[in-house]
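When you get a sec, could you build the whole thing from the sequences and use the hints?
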Amino acid sequence: MQTIKKGDWVRIHRVVLTPDQRAAKLPEETRQVPLEMWVTGTLREDNAAIGDDVSITTVTGRVVEGRLETVHPAYNHSFGAFVPELQAIRGELRDLMEEGGWHDLESKL
Amino acid sequence: MTSNRSYDQVMARRGEIMMKAVGIDYRRYESGSIAFDYERMMRETGYDLDEVRAIQSAVGVGNTSLLEMKRLTRLARQLAGEGRGARILVKDEAANPSGSFKARRAASAVFHARKLGFKGVIAATSGNYGAAVASQAAMQGLNCIIVQECYDSRGIGQPEILEKARKCEALGAEVVQLTVGPELFYIFLLLLEETGYFNASLYTPFGVGGVETLGFELVEQVRARFGREPDVVVCTHAGGGNLTGTARGILKAGASATRVVGASVNLEGLHMASDCHFNRKSFTTGHTGFGIPFAVWPDRSDVPRSAARPLRYMDRYVTVNQGEVFYMTEVLASLEGLEKGPAGNTSLAAAFALAQEMDRDQCLVVQETEYTGAGKHLNAQLSFARRNGIEVRFGDPEEEVPGQSIILPEHPRQIRAREVDLDHMRRSLIRNALASVDHPPTEADLEFLAQETRTDKKFVMEAL
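Keeping their order, the protein sequence lines are chains D and H.
Every number in our numbering is 122 more than the matching position in the first sequence, counting from 1.
Under our numbering, the residue at position 207 of the second sequence is numbered 204, and the numbers go up by one with no gaps.
Read the hints as simulated data drawn from the structure, not as lab findings.
Keeping only pairs whose Cα atoms sit at most 30 Å apart, straight-line, the calculated DSS-like set for lysine-lysine is:
#1 H:K17 <-> H:K112
#2 H:K67 <-> H:K249
#3 H:K17 <-> H:K116
#4 H:K249 <-> H:K454
#5 D:K128 <-> H:K116
#6 H:K17 <-> D:K147
Shown next as structure tokens:
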């Protein structure tokens, strides 16, 4: 099992409000689940493992406690999968411009 | 959790926490009833236009280009009737340091925080404002915390918000990410109390005053290039600060005949506090889920009295559908070579339809663009929507059902701006205001409500 060192950049997770502590006026599906929080920072304890209760120091110097979730968290958001409709729109716009004789008339704009 | 950090106890301290964190004693402007002195608050607590221009100029914010959309205008004219099709101009706000007009709001707010001696700033935002505050805090040497509503209860993050978190962290900010729920405000208050940082709210006079330069600049630019004033300015409308600040700037430039149109993406039927609906929307801002509630009750914001009061300035309010905005985002890239948005292109989609109602010699300004990137990009949003079971297809945009489908127009002629009944919204504002007090409105309240809704006392009385 990977041991995570003091000073490593990690993400922690904690429940900040359990369902019964949540605000009164909420849609049912939201009221049934806890309010959860994620914060990143440097680990303050040595030899920790994923799932341990730990504390971190954030970039603003705050100390936050929570459950160790990820070490060296990566950004995984992307441009997504191929969307054929967008390719089709590009083609249609080119056709529209050609039909309208746009390329010959640019100077008249 | 110690007892004085409980939800109820922290919420009960909100007034006290806010007063320290904003540095404004809002009681100075209160009448004790519905009315408060809006203009005096703006004058005394903000900066005047020249001061804001100087603050922004020192950090490279503002003075963005006004781009003429020659090919887009041509397409609009091709579809419009004889003699129709106003010239479409776009203010390239993506050129600001943080990639959106929000840098204007952040520049003056962070400047003010530093002047008051705060060591850091906090903003509660899942939008471009986070990056703007982070960027300005980095430039002006303050710490920064951004609080985001980011994940649903399955731990799935909205890709646009994940991208904004990345950008904030790249700019040196601490990002606190939460699951869905209005209790974000509770965490925000706890952080303000713990750190003693400044609340860089979007809704202070500094924030909204920061947008006035945008309206002022665009009038100056249109005058210089075309020898006239803009006939229409279209603003993407969510919390109200964009429209309010822009309209005030337009008035300060003396263009009192320019009509200001708000535009939002229609997300009717989706509840903003719903864990299930959270990832079924493809727009995290610029939509009716903020646009309508913030217009009819501006003081729902994170400060006691919001400086953003859009119904004072809005001449017209229209909605467009998600599929239409995505389509126009592609048009902007294909025809004008500008890859931006998509959320910031809400006003562009509306403008494309509105320009076709206008005469050829008129001119219409879309007052913003925003940066794009992984997560934000329309390709990322459409493929995320599809993965979440949203039907994405070509068809008649009228058939789109928010949360269930995204209908891309089959032809640009299908793009429409749908009218929202402003009088209905004005009456809602009046009723909401009345419900906030336990006595009949005073004479001053009636006058105030007429100003709030840009109507007269007769309209207010009838709405009561």
